Structure formats: C-alpha cells, structure tokens
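Below are the chains, spelled out letter by letter.
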Amino acid sequence: MIKFFLNGSTFETQLPQGMSLLDVIRNEAHLHGTKRACGEGDCGACTVIIGTWNAGELQFSTTASCILPVASVHGKHVITVEGLNQQQPNPIQQIMIETGASQCGFCTPGIVLALTGFLLNSTHLSTDDAIMWIEGNICRCTGYAGIYDAARAVADKYRELLKNSNRVSVLVEEGILPTWISAISDNSIHPIDTTMNITGNNVLAVSGATDVYVQKQDKFQDLQLYMLSNTDIRKDIRLEDNHVYIGGLTTVETVRQSGVMQEIYPEIEQKLRLLSSMLIRQRATVAGNLVNASPIADMAIILLTMDAVIEVKSKNSQREIPLAQFYKAYKTLAMEEDELIYWIKIPTTLNRSKFNFEKVSRRNHLDIASVNTACRILHDNKNLIHEATFTAGGVAPVPLLLKHSSTWLCGRSITPETIRDLLKIIDDEIAPISDVRGRADYKRQLLKRLVVAHFITLFPELHPEDSLI
Amino acid sequence: MSNYDSIDHVIGASLFLDDLPEPVNCLHAAICPSPVAHGKLKKINIDKALGIKGVITILTADSIPGENQIGTIIQDEPLLADKEVDFIGQPVALVVAGTARQADKAVKLIELEIEELPPVFDPRQAAANGDFIAPSRTLALGDIDKAWEKCATVVEGRTETGGQEHLYLEPQGSMAMPDERGGIMLYSSTQSPTAVQRVTSRVLGIAMHLVQVEVKRLGGGFGGKEDQATVYAVLAALAALHTSTSTKLILNRQQDMQYTGKRHPYSSDFKIGLDENGKILAYEVTYFQNAGAAADLSTAVLERSLYHATNAYYIPNVRITGHCCKTNNVPNTAFRGFGAPQALFVIESAIAKAAGMMKLPAWRIQEKNLLKEYDTFPYGARARQCHAKRAFSEILHSQKWEVTQKDIFNFNKNNSLIKKGAALMPICFGISFTTGFLNQAGALIHIYSDGSISVSTGAVEMGQGVNTKIIAIVAHTLGVNTDIITVQPTATRTVANTSPTAASAAADLNGMAAKLAADTLRLRLMDTAASRLGEHVSGISINNGKILLKGQPTELDWHALISDAYLSRINLSAQAHYATPDIYFDKNIEKGQPFAYYVYGTASIQVSVDILRGIVTIDAVNILHDAGRSLNQDIDRGQALGAIMQGIGWLTMEELVYNKEGRLLTDSLTTYKVPDIHSMPSEFNVSFMEDTDNPHAVLQSKGIGEPPFLYGTAAYFAIMNALIAARPDKPMFFNAPLTHEKILHFLTCE
Ligand SMILES: Cc1cc2nc3c(=O)[nH]c(=O)nc-3n(C[C@H](O)[C@H](O)[C@H](O)COP(=O)(O)OP(=O)(O)OC[C@H]3O[C@@H](n4cnc5c(N)ncnc54)[C@H](O)[C@@H]3O)c2cc1C
Ligand code: FES
Ligand code: FES
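If you read the protein sequences in the order shown, they are chains A and B. Quick note on numbering: the working numbering labels position 323 of the first sequence as 323, and the sequence is numbered without any gaps. Quick note on numbering: the working numbering labels position 244 of the second sequence as 244, and the sequence is numbered without any gaps.
Among the clues, some could well be false.
[Claimed, not checked] Example chain B residues on the side facing chain A (calculated, C-beta under 7 angstroms, incomplete): (1) Ile7; (2) Val10; (3) Asp19.
Please keep in mind that the hints were generated in silico from the structure rather than gathered at the bench. Because the structure is a prediction, the values reported are computed rather than measured. Idealized CB from N, CA, C, for every residue including glycine.
Turn these sequences into a full structure, and let the hints steer you where they fit.
Right under this line is the structure:
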C-alpha cells in the first residue's frame, strides 16, 4: 500500500504501485486541477510539487506526475493546485490573471505549480531562472507573452523578500503556500516510514522514471517496482582521490549546478539546460541516462569525453566498467541485469582540458537531439593536441565514442587542414539512419558542422570558420 | 476586464470534459482503428476481444440503427468503416468496457482482415487520377491571357505547405448519458454543439429533440474540434444507446494525433507578372489541396483559399483554381485561418521570387500593390474601410524599416556565422462564414427576480474569451455591472440551430444576438421604470445599475426595478436571433460579397540564423493590427500573440512526418514540436490601429481569432532572406515548414 501526504492530509491507495501519480490524483483522489495533456512528460500540464524529507527538512521539487509511479511518492508530500489556494487566487495566480497568462486554462495549473517551485528553489530568483522553471510547460493558446510577463513579475516581486529568509515561512505569510505547510516544516507531522518490501520476479528498477515511464505507464501497472531511491545508492556528488564521484541516483540538475563539475567544464551549467526541461531534469538521473542507452543520450555523450568509469554492484560482486566499453550494441550494455550503478567517477585532472558540447534538435529547447556531440581537447600553447576525445550521438546505434578520429587527432596541430581531414575520418566512422529526427544525410552534415563548431568555440582566435564554411 | 474564466483557471477549479463527475457505473469506450491507409474490409473478428474481462460489447457498422454517415458538407464519411477503410486511424469498431484500460486491452485483440489497396498520399497524384472530393473551382478577374504580354517580368514556381497538428492541450472526448425517453444527453468537447446533435440524431435514427448537447468549455480548439469532435460524441452516444449506460470516450494524446485531421497540406503552382515598376499585373495560381479521405470541411477551406488568393493586394488580372483532392490521409479539417494561410504563402512566395528576379526588395512590391478603398477582389466584392496601406506605412515608420534594412545589410556583411533577415507581411482577412447560411446566431437572456442575469448563446468558450466579450456587451446594453452576469454552458436546449464557434465570427454573431436580446429587455424595463416613476420613457436610461431620469439618479436602482417588473408580471426573459445582412455569393458566376467586413494589419519579423548549426532565433515580431474598436484589448492582444506563435510554428518547427505506409510518425509531443517559451521572440509586440471603427459588427468591433495567424508567414520569408544573405548564389525555395534540416541542407548543398 502506498501512503503519502496529499495537500496536507494523508492519502492511501491500494492501486498498483506502478500506477502514475496523475491517475491516482485524478481518478482516486478526484482532484481535477492537475491535467493530462501528453502523458509523457513533455507538456507540464500535470505538474505537481513533491516535498521530500531531507535531514529533518522538507525539500521541494516540481515534477510531471503523468510519468511518475505513485510508489515513488511513498512517504512524501504531494501538493496540487487544490492544495495551494484557499478559495481566492494567491499572488502568483493573481499576477497570472493580470498578465493574461491564461486563455483556455488547460496549461494554467501546471504553470502555477511550476512558478511556485521556482520561488521555493531558485537561487538567483532572476527572470531567466523563472523562465527555466516553466520551460517544461507548453501552452498552445497564449504565445507565451502573458506567461513570460507573469514569470517576470513573480520574480521581481519576490526577489528581495526571499533573499536570506526562510522561504517557506515567507511564502506562507504571502499566501502563496497554505499554512499547513509550516506545520509540516515544523516537523509536527512525522514522515511516514519509507522502507518497502519488494518481492516477486517481475521487478523493474526505477530511479527518475523519466525514461522507462514514457509511453509505457500501462505496462508498468503490472510490474513490481524496485525503487532505487530506497537503496543505499547516493544522489550527491563528492570529491575523493582526485576523482569526482557522481552518485548512482544523482540527477542531471544536480550535475548542472555542481561546483566541482563546473571546475572541470565551466559551461556545463549552460549546456545541460539543453537536456529536457527543469521539470524533468530535477528527476532524471545521470545513471538512468547512461543505462537507457539512447543513441542521443546527452549525458552519455558528455561523460564519454570525460573518461568516466562506472562502478557497479550486485548482491555478490562489485566492479568498474569504463564508460568507453559500456555500449556493446543497440540498447545492449556491458552490465548484468542484477548490477546497479553506484558511482560514476571522473578524474579531476581533466580540468586542464577544454570541453565543448553541441546539440541541435528540431526545437532549440526541450527536444531530443537530431545530433549531439561533445569533445575534450588537451593542447599546448603551440596548439599541438596532446589528448582528444570526440563523441557523437544520433549517428550510430549507441552514443558513439569517435575512437579513430580521436586517436588520429592526437599529436596534430590545430589548423584548418587538420579539421578538414578530421571531418573526413569522422564521416567514415558514423552510420546514421533516417528517422523522425532527420534524414541520414542531414545528420551526417550536421555532425560535421557541429565538430567545426567545437573548434570555433574553443579556438575562436584561429578563425577556423574562414576556410571551413 | 481580464478573461472571465481566468480566476477559475488559475485556481484549478475550471472543469473540462474529463473532469466532469462520472455517473455511477459509467462505461468506457475505445476505438479500434484501421491499421492500413486503404483496403477492403473483409472481416472483423471480435471473439478474442470479447473474452477480455470487463468488455460489455463491441460495436461495428452493423450496430448502427440510423445512417452510418457523419459527413456535414458532403455526406461521404461513415462513422464506422464498412466494407472499405480509407485512412490509418479510421474507426472500424468500438469496444465498450468497464474501464478504459479493459477497453484498450480488448482493442488490441480485435482481428481485422483487410485486403490492402494501393494508397495515395500526394494531392497531385490524386488529381492526376481524377480523385476529387468535389468539382474544382476557378475564380477570375480581368483578362489574364492578354495580361502576360504587358508584363516586364513573369515568374513561375511551385510551393508546398505542410499540415499542422492542432495540439489543443485538451484531447478530444465525450460522455453520453442515455435518458428514459430513448434520448441521449451528450457532454462533448466540441466547437459545434448543433453539428454533434444533428449527426447523433442521424446516426442513432432518433429526432434531434431527443439529443441534447452541452459544452462547458474547451481546453483549446483552433478548428480541430469544429467538425472532428463529432465522431467521438456520436460513438459515445452509440455505445450509451446500446448499453443503456453512460459511456465516456476520451482519446489519449497519441490517439488524438493519429486519428484526427490536421491543417490541409497544399501543393501549388503560381505564375506572376509585373511591370517594370513592380506593379503586379497578373497572377495565376492553382491549389492542390490534400483533403484526405473524406470531405469534412475541405471544400469550405478551399473556398477561403480562393477568396484570399491575392492577400492584401489589388491585382487586375487573376485566375485562381482550386482542386480538392481525395487521398488516403486522415480527412483534414478546419484550422485557424481556414485555407487563407495556405493561399497567402503562395502569393507571398510569388512576390519573393519576382523580387529576386527584379533585384528589388520584396517589401517594395508588397507596398506598391496594397489594396485601397473600392479596389475589387477577384470575386467581385470591393474593399471597404480598407486599412491595408495605412497599416503598412505605419509599420514602415514605427519600425524605421529602411534603417533596419541597412543595419541588417551591414551586420550580414561583417558576420559570417550569423545572418539576419527580416520581412514584412501585410494581411487581409474576410470575416463571415463563406457558407452563407451559417452567419446566424441566437441568444437567450433571463433576468432573475434578484436582478442577476443569465446569458446563453451558441458560442463555445475555448479560451478565446468570447464569454467575457458577451458579458461586456450585455452589461453595456443593459447598463449594469458585469459581476451580476453569468454566461451559461453552451447547450442545444437553450439556443437551437447554432453555427460552429469558428470563422472568427463567434463574438460578432452571438454578441450581436445577445445585444438584440438585451435591447428587448432594456426597452421593457425602461417602460416599467417610466410607469413606476410616472414619467415618459424617453427620459429614462439605465447606467451602472442606476435608473436615471434625464441623466439624474432616481429612487430606483436595478434591483428595485427588476423586483417591480417581476411583480408587474413583465417578461424578464428574451430570446433573439441575428443574421448578418448584405452577404451573398453566386457560385455560378463565382461573384458576390461573402464577407461582412475585412481585417487588415501588417507584421514585421526579424530573425537570426546560426549559419554553422542551421538553427533559427526569432528576434523581433512587431504587429500593427486592425481590431476595430476592440471589445477587450487584453483579450484581443492575447488572441493575436497566440495566433502569431502558431503561425510561426506552422512554417518553422511543426513538421508532420509519415512513413511510406502513411502512418504518422510524429504522433506525440516528443516528436511533434510546437513553440515553447524559449521560442518566444524577445521583442514581441502587438498594437492596435486607432480609429478603425467597424459598423458591420457588434459595438464597432472586429473578429480577432484567425487573422493574426497570417502574420507568422513573415517568419518564413525573414529566415529565407537570412539564408540568401549566406548563400546569394542560390535561389529561394518555397517548401514549408522551414525546419532546421531544410535550412542546413540549403546552406550546405551546392
Ligand atoms: C520530456 C522528456 C524529455 C527528455 N529529454 C531528454 C534529453 O533532452 N536528452 C536526453 O538525453 N534524455 C532526455 N530524456 C530521457 C530521460 O529523461 C533521461 O535519459 C534520464 O536521464 C533518465 O533517467 P531516469 O532516472 O529518469 O531513468 P529511469 O527511467 O528511472 O531509468 C532508465 C533505465 O535506467 C535504469 N537505471 C536507472 N538508474 C540506474 C542505476 N543506478 N543502476 C542501474 N540501472 C539504472 C532503469 O532500470 C531503467 O532501465 C527526456 C525524457 C523526457 C520524459
Ligand atoms: S501530461 Fe504532459 S507532462 Fe504530464
Ligand atoms: S491557455 Fe490554453 S494551453 Fe495554455
């Protein structure tokens, strides 16, 4: 039985633990403010806030409830739009009315929740941040102008007020959060025991569920879920023995904001904004991205350039697998069924290298890449390349390490000729296929342009574009 | 006043179809769709499916008591396939079960025996085969055959525009409840309650008065629920009739995208002739419209393409031909703009191509040929209250257009990695249903004895703010505050024989009907006030809920007056009907006056193209729009901004991809991409023209829903201009949407 707090009161459901939280909210709790529009995490109409206990404190995130198995909110707090307002529109809602952020209204509750999540979590409380928090919410009516204005107004109104103060109590005072939240933050309601007994064969390991649940929720109602969040796998990032250790449950958003990761690759904070949306990134794990083994998996493409090594454990054994050897064939991994990723480790010495990541998709944000590529280059002051690793997604059955091309590049100096020859070698190393994300010849062309983009970005003073495009 | 519904929207209280309380034991239905695009339906084997727990019944064409026919304009579309399947996703059978999940499971076990026939997906191929939905039509003006000789430049070409998924956020659905008299109560997410009522009555073989349809609100429609909501309502009704139990049918997103029609793709040929100064002397165009497998609204959509072929320009010699081609795609349907955007794209392509030939900027040609007062459209009507030139020149001025052009030129000269481009887009859009009889509406107003007011009309609220406008009209007419007025859900039992909420005319038509009903009540109440005060009625007025005598307050307020009227046995209800005057069309000669009035305006769009990566940023969109005397500027601005983004989406990122068998591959939000918040231009402004009162619509206003969609066209040409700056050696191409893939192809191929 799954038990959680729904808008401040405990809620129990006997429904299968693989049922989506959205179905439980709508069909069992009969709360209809949370909408279903896409059912696959791509529109944000089903956004809810999840409160999780961490060291005696509630931490809040926003999430797409349509692709969240209800099991994963066991013992947590779920806040829907009905939990926010006491009859009257709260200040966020009032601002949205005034800016014309709502027309048909179907996307609206999701945006209210997303903006609430922004106020609860954003460090800078900037307009840009506010937009990031609602980037996972699609609206077909407004053209976003009213929504943008609302986001900016909310950020402006609360920027100063929320700095250096207890956010939850300020937001309660402001009428944005209901008063029962403070009672919970006071710890006067005790968290529910989160240990769950999983038995049976039909077991599926789930962490963020942003991959496995897309278009397959139905199937998972019949499965037992093994919630990796209930294991001892970590979700943080730590520094040890000249290595960065990314936990097996660490989310993409945690990596994006991580100072140690930025020390290796400063632009990672900006670049990972191209991976899904804030709504998804808060939950999507790095390990899930690697295991999902999609040929365009953005984290895989980046980590392959970082000499990442995966530490896996099963009941009886423990071993390390270099990421470079992880992908054997389409969706086939060098990992056993019973093995779980505990850590992904990266040498900190990499910070001497230059990195770049490029991704082009049909839509510039919240989209799967047509082609993505990353590179790492270690060179001397005479532009001689000592080490190079290039990767490419969307051009092979797996996230591809461009081995030949990378090896070939080592020992050469960066000149337009080198780049031109490199492109030829890359051309031989890839085998894109035509699909909804583009025709094979487009992906081939695009990868070559993006490789040129690596050089233009990393060596602007050489002006490689003059002879290459 | 902000949107009347928005308080309920923001607090999550607004109920949509899937949020309505389900009756006890409500059943759930699921559609078994055709897996092939064309074939002979030999056999439907439902035995295994019937074995699934919870399945109550499975309905096929044989289960239909009335006519198996849902076509509105042309009766050519069965509700459930019979003997033949004509498109992938066509309903073949309907499973009714205890839960939606059981119904979905059973659908997978239905075995269809289909003998496949070769499908056609290309409208030109269909035309070559002689497969038309309806006879082709030609409009002509002047003598085009002679005109070519007088032209200094003649340019020919071909254009393609792709389809577009509506992507209303609320998927299609319906709930049907049987009543004790053999009738059906239907809750439907439709723009056309009357069409649902009429077709349900036809299919079930029961009279229309036994079918009640009610619509509270839609989570977006955009034309996608004008004709295509009907099938789901009728299926639910059929299930309810057979099981004598309430039945609900809601599509999930993938089903919605697979089963429902889109904006019509067009393939077109043009020929344009100009004199040496850039004056257009002749324009000939042929549209091959991909109608899909059945008529739906295709002939009406094509009709609007014919009428809008010359956009906001006067061209003295014109020949316009439209072919409504029958293919094996899902029947395509209404979508904001209704054929006008497709036609506009062709004339603007012709102008762009001619401009390239003549080494003139396209905007010079646009400017030279704009409509002026009393200019003749190809169908004989004349431009009246024409603001085409004014809008264009005001944009030229406010956007410092010539300076901007120079800046862009200089920027492009100095930058090889980013190229900028800009384009202007004048528009002209006729308001009225081109199907004349649809230009009517009804309203019913009740004033209750406490003074509160209930208004019913035929308009469906789908986010466009029609209810807010109707409240404002009624409040204004009666002289009361808006907060005592409620607009009721749209229901066939309160207002009958309604037209679809479409053609940007819902507020015009229903607002006018509401105004007429309110006028009747106002006159009655003024009489009541006059006799109560012992004064002549000519001195009485009502304002802000106060009853005035010669402009001075009296002892009477609204509540006292209503109470008095009730006790004096005055009828406090009024019904009214409005029919747009002075519109007519003679199809024999293809001449007439199909529109009550026109909407004008001009857009300026600027873009940047990342030449290396082949990706686009829309930098600035500035619009000057003619909204008449806007009933509500906030709502009208919201409508315009939303429409423009949809228009930009249509011509840039929104691409429908099919496999060889005709199956839609982009059937989810993961693969079909509509604009997101990052797609919004950083400069995004709509302003309204001043002093453009419109005597042809309610309170001098103008329809707003569709016209601004056309502005998005400027994005295509702005991007194209940036591309040409990067590759001046190559000719422009006119194949929308202009996706990142096509952009890179253009930039990299010889
Ligand atoms: C709307 C949307 C947009 C997206 N956009 C992108 C995008 O732009 N780029 C991109 O790369 N991906 C994208 N994705 C895919 C997905 O979000 C990512 O791949 C994500 O990182 C998966 O992580 P997860 O924790 O949700 O995985 P889950 O779905 O929980 O799991 C995926 C697989 O990994 C296994 N697994 C998870 N953790 C472990 C572990 N510690 N040890 C062993 N096995 C494990 C699971 O058993 C499962 O087989 C998107 C998804 C959605 C819904
Ligand atoms: S319904 Fe679209 S993200 Fe959940
Ligand atoms: S208001 Fe309709 S989808 Fe946003």
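Comparing the hints with the structure gives:
1. Because the smallest distance between the Cβ of Ile7/B and any Cβ of chain A comes to about 6 angstroms, under 7 angstroms, the interface hint for this residue holds.
2. At about 4 angstroms, the closest approach between the beta carbon of Val10/B and any beta carbon in chain A falls short of 7 angstroms, and the interface hint on this residue holds.
3. Restraint check, Asp19/B versus chain A: the minimum CB separation of about 4 angstroms is within 7 angstroms; hint holds.
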